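Position chain B relative to chain A; hints supplied.
From first to last, the protein sequence lines stand for chains A and B. Each residue of the first sequence is one higher than the one before, starting from 1 at the first, in the numbering used here. Each residue of the second sequence is one higher than the one before, starting from 1001 at the first, in the numbering used here.
Hint data in this document are derived by calculation from the structure and do not stem from the laboratory. Note that the structure is predicted; figures quoted are calculated from it, not measured. From the three backbone atoms N, C-alpha and C, an ideal C-beta is built for every residue, glycine too. One or more of the hints may lead you astray.
Unchecked claim - In silico DMTMM-like pairs for lysine to aspartate or glutamate, Cα to Cα no more than 25 Å straight-line:
1. B/K1132 x A/D90
2. A/K225 x B/E1309
3. B/K1225 x A/D170
4. B/K1132 x A/E309
5. B/K1029 x A/D170
6. A/K325 x B/D1330
7. A/K228 x B/D1004
8. A/K211 x B/E1329
9. A/K29 x B/E1329
10. B/K1325 x A/D90
11. B/K1325 x A/D170
12. B/K1325 x A/E329
13. B/K1228 x A/E326
14. B/K1029 x A/E329
15. A/K325 x B/E1329
16. A/K29 x B/E1022
As the list claims (entries may be wrong) - What the simulated footprint calls covered on chain A by chain B, stretch by stretch (three residues with Cβ under 8 Å from a Cβ of chain B suffice, anywhere in the stretch; the number is not a length):
17. 194-206
18. 221-230
19. 317-327
What the hints assert, rightly or not - If the Cβ cut is set under 8 Å, some of the chain A residues that face chain B in the computed set are:
20. D4
21. F5
22. G70
23. I215
24. Y250
Number of protein chains: 2
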Amino acid sequence: MFLDFNFSSIPHIIFGAGRLGEIYEIIPKFGNNVLYVIGGSSLKKSGKWDEIRYEMQKRAINFSEISVEGEPTPALVDEAVEKFRNKKLDIIVGIGGGSVIDAGKAISAMIPKIDSIKNYLEGVGNKIHDGKKIPYIAVPTTSGTGSEATKNAVITEVGIEGFKKSLRHDNLIPNYAVIDPQLVISCPKSVSAPCGMDAFTQLLEAYVSPKANPITDALAKSGIKQMKDVIVPVCNEKASNITARAAMAYGSLLSGIILANVGLGIVHGFASSIGGLFNIPHGVVCGTLLANSTKMNIKRLEQLGAEGENGLLKYAIVGALITGKESFEDINVPHYCSVLLKTLEDWTKQLNIDRLSKYGITTTDIDDIIEKTSLKNNPIHLKIEDLSEILISRI
Amino acid sequence: MFLDFNFSSIPHIIFGAGRLGEIYEIIPKFGNNVLYVIGGSSLKKSGKWDEIRYEMQKRAINFSEISVEGEPTPALVDEAVEKFRNKKLDIIVGIGGGSVIDAGKAISAMIPKIDSIKNYLEGVGNKIHDGKKIPYIAVPTTSGTGSEATKNAVITEVGIEGFKKSLRHDNLIPNYAVIDPQLVISCPKSVSAPCGMDAFTQLLEAYVSPKANPITDALAKSGIKQMKDVIVPVCNEKASNITARAAMAYGSLLSGIILANVGLGIVHGFASSIGGLFNIPHGVVCGTLLANSTKMNIKRLEQLGAEGENGLLKYAIVGALITGKESFEDINVPHYCSVLLKTLEDWTKQLNIDRLSKYGITTTDIDDIIEKTSLKNNPIHLKIEDLSEILISRI
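One chain only, chain A, in its complex shape (with noise of 0.2 Å):
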């Protein structure tokens, strides 16, 4: 049938350079009582933490932080919940990249709760969480993981036995996400490549993914058209340029937003494999695996005749997007396929996306890696010889 989804609600947005400051006005509305829950060192290294701790003062707030480095673990989470389940917080904001963000926005969800994060995990624990929640500001300082607008907080536990897995509830998208640019200049090629990878990824994905609806399709294809002539001079040339970087956040949000809706397909299926089996940052593992990811859903789809071809078509969309093209009518599909995937590889390329092996990973890993990948909202199912063949060329 015709016409047939349904879309979560999205948080209030405030979009545009200079704009952090609102959150002063915003937490009063909530009451008088604060956390904030930052990154490690950046936001206090750029002045930006002496401004938001002065502006507290002045409007006589409580205030209290806790810093996150790393991506979010249970233990860190459950810490955190312990200290401050008794001190009547009216509002808790996360200011950093998704890892604080998330660590956020699990701590709002956690507080109101008895026991340890582990036991609401998807896949880890049994019981389901109800949504209830502090309610939460995210003010993102990477443009990578769209978490600002996400209702999933992903937690990581590195091991045999780890996982990288979500907290998960529609009432988990923050209540405001706060997106400044200028919050993100400072941001070095280091962080900026994956992140940006990252967000791409998530537009590619949530585009071809068999969820995906008209809502969703408008919106990444509109984050696509802001991204593409930036995410590679964003990391160079253009690292201080504000309009640059808004349109990096921009794409980065709309990543998030429609992720929320329709789900991500194999490259974010390695993406939670990989990552809690190895210490490797989320964006590093998604712009690694994104071009080779994509060609092999490409050559599967062909394979398929017809069955395959509305999914090679929005593959084409996307590369007729990038190259400025916006009638999409008689397109010629197996050409635009070749114009996204030499894209997608050129980017690899200059962005210096490492390998896995840099992060200890070998081929002797493969099948553990392969048995913990779903395929997600893959556009087309995939074979284990397939996973290999991805895995083995970015090794």
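Same frame as chain A, but now just chain B:
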């Protein structure tokens, strides 16, 4: 500065033929005591109301009902609130056209208050609503106002001291919008035609709004693409075609989402002033004035020179979209502006949209109307003579 915008939250959307039944799963999430706000008789005649009653009884959910005929007045809302204030409602469900949805929205917002809604209406009272409300599910049975996705409820008092004003707060966006195109199938042409023109007006006015942003632009174009080929047939040979009805419902939903974010132009300025002075359906005001208001906007933008180019380009893009064109590079702006105007005129004729005189409006009313008309977010300033010319052309 490039990319600077706000975007309000939207409801959790459930869209698809036959999906009304999902409200029975949603209601218990909020509680056991529900108020249905419904229209005059069509829901009862169709047998749907019996089905709802049956499902409520089967689930032992307490329910009450209130019927709304015509556009909601302050008296209607105040009386309903008085009656249900102490009933400890857990959730309200509004099922009907825009008037019913708005009535339910207003009742849900006023139950926590102790005084009249008049005190909280924009331009009428002097109190600011704080957004506290009973949770609300909106289920449209027409494809027109998009009220299922907006943050305002339009309240009307007709007469010399009359008004058509909004109760507005971000938090009044319904918690859920359940859009089931099957509910629109029985809608007669006399309702579907002005509703369709209202929805198209909202898509067009939001697209050319000075507050438009890339998200609302993407959604406006998506809505226009769905509606353009069915807006007339759905009132004639495709009245029972669920795919066509779904496309209209989709366009209407998106028009609501975007108008909530970027506002509307002169046609809705007139809808507000004329609707307060005369007893005339909202969709008729929009439908009858759309073509000539657009013509005036385009004429004045053309006279602006370079400053008007962006506005004209947007009108031309809509004209191009209507013809099925998707590529807007090197677009012939005057040609596609003409295409748009010709199409709007054709639709007005083919849909038999009434002239204003049918509702007792004469040239002697023009000054009163203009005095109460706001330009809202029109893309260009229009003079009193311009407004007068538009009105005269449709009396």
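Here's how the hints hold up against the structure:
1. Proximity of B/K1132 to A/D90 is assessed by CA-CA distance (about 17 Å); at most 25 Å being required, the pair is judged to hold.
2. Distance hint between A/K225 and B/E1309 is fulfilled; the C-alpha atoms sit about 22 Å from each other, no more than 25 Å.
3. Of the pairs offered as hints, the one joining B/K1225 and A/D170 is violated, with about 29 Å between alpha carbons and a cut-off of 25 Å exceeded.
4. With a C-alpha separation of about 49 Å, the suggested pair B/K1132 and A/E309 falls outside the 25 Å cut-off, and the hint is violated.
5. About 13 Å separates the Cα atoms of B/K1029 and A/D170, which keeps this hinted pair within 25 Å; it holds.
6. For a cut-off of 25 Å, the pair hint linking A/K325 to B/D1330 stands: about 12 Å separates their Cα positions.
7. About 19 Å separates the Cα atoms of A/K228 and B/D1004, which keeps this hinted pair within 25 Å; it holds.
8. This hinted pair does not check out: A/K211 and B/E1329 have alpha carbons roughly 31 Å apart, beyond 25 Å.
9. In summary, the hint linking A/K29 to B/E1329 is not supported, as the alpha carbons are separated by about 45 Å, beyond the 25 Å threshold.
10. With a C-alpha separation of about 50 Å, the suggested pairing of B/K1325 with A/D90 is violated against the 25 Å cut-off.
11. A threshold of 25 Å between alpha carbons decides the hint, and for B/K1325 with A/D170 the separation of about 37 Å lies outside it, so the pair is violated.
12. Between B/K1325 and A/E329 the alpha-carbon distance is near 9 Å, which keeps this suggested pair within the 25 Å criterion.
13. With a CA separation close to 19 Å, the supplied pair B/K1228 and A/E326 stays within the 25 Å bound.
14. Our distance criterion of 25 Å between C-alpha atoms is broken by B/K1029 and A/E329, whose separation comes to about 45 Å.
15. Between A/K325 and B/E1329 the CA atoms are separated by roughly 9 Å; this keeps the pair inside 25 Å, and the hint holds.
16. Taken as a hint, the A/K29 and B/E1022 pair is broken in the structure, with Cα atoms around 33 Å apart against an allowance of 25 Å.
17. Three residues within the 8 Å Cβ limit are the bar, and the region 194-206 of chain A against chain B gives 0, so the coverage statement is violated.
18. Closer than 8 Å: that is the beta-carbon criterion, and the region 221-230 of chain A has 3 residues meeting it against chain B, so the requirement of 3 holds.
19. Using a Cβ-Cβ cut-off of 8 Å, 4 residues of the region 317-327 of chain A lie near chain B, which meets the minimum of three, so the contact claim holds.
20. For A/D4, the interface hint holds, the least distance from its beta-carbon to any beta-carbon of chain B being 3 Å, beneath 8 Å.
21. For the restraint placing A/F5 at the interface with chain B, the shortest Cβ-Cβ distance is roughly 5 Å, inside the 8 Å limit, so the hint holds.
22. A cut of 8 Å between beta carbons decides the hint on A/G70: the least distance to chain B is about 30 Å, and the hint is violated.
23. Contact between A/I215 and chain B, as hinted, is supported at the beta carbon level, the nearest pair being about 7 Å apart and thus within 8 Å.
24. The closest approach between the C-beta of A/Y250 and any C-beta of chain B is roughly 6 Å, which is under the 8 Å cut-off, so the hint is satisfied.
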